[in-house]
Amino acid sequence: METVVELSGVVAVLSNFPALAGIDLVVHRGEIVLLHGPNGAGKTSVLRVCAGLLPIERGEGSVMGVNLRTHRESVREQVGLLGHSNGLYLELTVTQNVSFWASTVGATAQEVALAMQRMKIDGRLAHVKASQLSAGQRRRCALASLIVRRASLWLLDEPHAGLDTAGQDELDAILQSAVSSGATVVLASHETQRSRLLATRIVKVDGGLISGSES
Amino acid sequence: MTTTQSTATPTTQKLGIATVVALIFLVLSGLIFSAEDVVQGSTVRMMYVHVPSIWVAYLAFGLTALCSAVYVSNRSRSLIWDRFAGASAEIGVLFVAISLVTGSLWGRLTWGTFWVWDARLTSTAFLFITYIGYLAVRRLGGTFSQRARRSAIMALLAVLEIPLVHFSVNLWRTLHQKASIADPNAKVQLDGFMLFTLFWGLISFSMLFAWLLIHRQRLMALEDAVQDQGLDRAIQERRTEAGR
Amino acid sequence: MQTVRRVSLAVVRKDLRIEWSSKVLLNQVAPFSLVIMIMFAFALDNEGILQRVAPGLVWLATLFSMLVIVQRSFAVETADGALDALRVAGTEPLGIFIGKSLALMVQLLALELMLLAIALVLYAVEPTAMGYAETFATMLIATIGLGFVGTLYGGLGAGARGRETLLPLLLLPAVAPVLIGATRATEAAFGSGGAQSSEGWPWIGLLAVFAGVFGAVGALAFGPMIEE
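Protein chains in written order, with the working numbering: chain P, 612 to 826; chain H, 6 to 249; chain B, 52 to 279.
Simulated from the structure, these hints should not be mistaken for laboratory data. Computed from a predicted model, the values in this text were never measured in an experiment. Check before you lean on any hint, since a few could be wrong.
To be verified - Restraint ranges, calculated between C-beta atoms of paired labels, are given here: (1) P:N650 / B:T54: 36 to 42 Å; (2) P:S745 / B:A267: 43 to 49 Å; (3) H:A215 / P:F628: 57 to 63 Å.
Note that beta-carbon positions come from the ideal geometry of N, C-alpha and C, so glycine has one too.
Turn these sequences into a full structure, and let the hints guide you.
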């Protein structure tokens, strides 16, 4: 099975603080890996390292065969990160936001419409400015942008937060279908129960280290 | 437990002593042995500090650009190039400041004004500001390699900007200025020994530059090592926190 | 190439759309530059002098306003982590650079035209037809250079928190050649202080060189600059 993420002894630093103190993690294609742990454990940092945003101070890492030490910028063509912020342009409407992301990868208007439909942000919400959306609606908009970008590796940081039950169900369905089309998902979540059902593997993160793994 | 580590080695100590001797000779030549200028009298002696200073500054900034280029092109990305670039820029800024101040004083003594907007002074002031900006960018933080890459790009940008500014300013001043009287340097008649003293100034200041550069680079390496050790400690602490 | 073009168009459209929607340039920056022009009059207090230095004042006001516009251009990206998202998506940095530069150029050009109109009114400047042609040529070419260099340094400032304050220190020295060149060319165009119209064209040449240099450099250096 193809290895999508491979981290070995990774130390990553945020303002002189070692957010990650030596992470070893391997993720294979088609897995849904849940990163689980208390606040400050380093879950977000693991995701950001995999996204190529956070540089590796010590250790080695590669994502989809690209060395994170030397080429972390080029990692990203097939990676989608949904972080704490949503990556939205607050002055633009929902449609304009998703369309922008679509146009950067050459996706069609139909794909935009489809993504918006799946996340239930078509209809009335389509022409609302992002600044006027609720937190959950913004999340859905960000997810629609991710869908439209056809990422191979989905990195999600607390994706269920802010979504109502229906939204969370839809998200789970989307992740399942993404995986069955060949994508891989790594998510960090507090929503333990739901995420446990969704995940193929659960990894416990604590104090900047991996402290356990279960399937 | 404290360890004292010095950045001195036998080589730098020899260099240091040689530099001091050279500078002493420069001072003696400049102040006593060399003749006064026909027009300016004793104030011409400022030249022996002012000109070598700006020379060292250009040398320093050239080195910064060179080291930055090497860092960017070098696949192995050895940080020592970045440290030399940074150390060199710091010394360069110092010497530009010295040259601006001495030039200003010289102008005041000779022509009665502290500052004139002639091409050379203006360009030099710009040089100063540009590299202050470079030093500010160096202090932005991040990992050592992030700092190195950012700084290298800034240094190369500076190399582009300096000639552009210099050329613009020159064009500007030549179209406006009737006679450029602002540079006291322009009208000095240098006899044999004065010329020699000037060159000696260039040589001894360059030695001083080399000495300062080597020490500053080593100091930087030590500072970076301390930061690394701090990181090691922090990692240890984090691990014990997590209970292992 | 295809990707770069696609990304540039997407970014230009997005930036201009945001400006159209929020009207920051119209509501905030334009009044700000108008205030600057008026304050110059307070400080210089002499109609003859104002007329003489009008070109310089126009370009000074442009540069100060540019600081605001550039910061705004990147504040839009960092407000909700959009720049992060762009970086993660591996969106072609060259495309982002070209797109944002173009958007910046459009906004600056609009501002400069407004400032020109204000100068004509407030400072009693009266160019000839040739002078107008020269002025527009100067504005166009100077703005191209400003767009490139502003986006480049703006990108550096956007990388992480606490960096925005560096922008003026880095940007203003870098655009000094534009200030010198554009002002001299505009003086020639306006006939200020007896300048001949023909004297302006060499300066416009300098502006073109500046634009070329920073276009090339920005294309190469922008990617690393927006890194954290």
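Checked hints:
1. P:N650 / B:T54: 36 to 42 Å: 39 Å, holds
2. P:S745 / B:A267: 43 to 49 Å: 45 Å, holds
3. H:A215 / P:F628: 57 to 63 Å: The hint (57 to 63 Å, Cβ to Cβ) is violated, given that H:A215 and P:F628 are roughly 38 Å apart.
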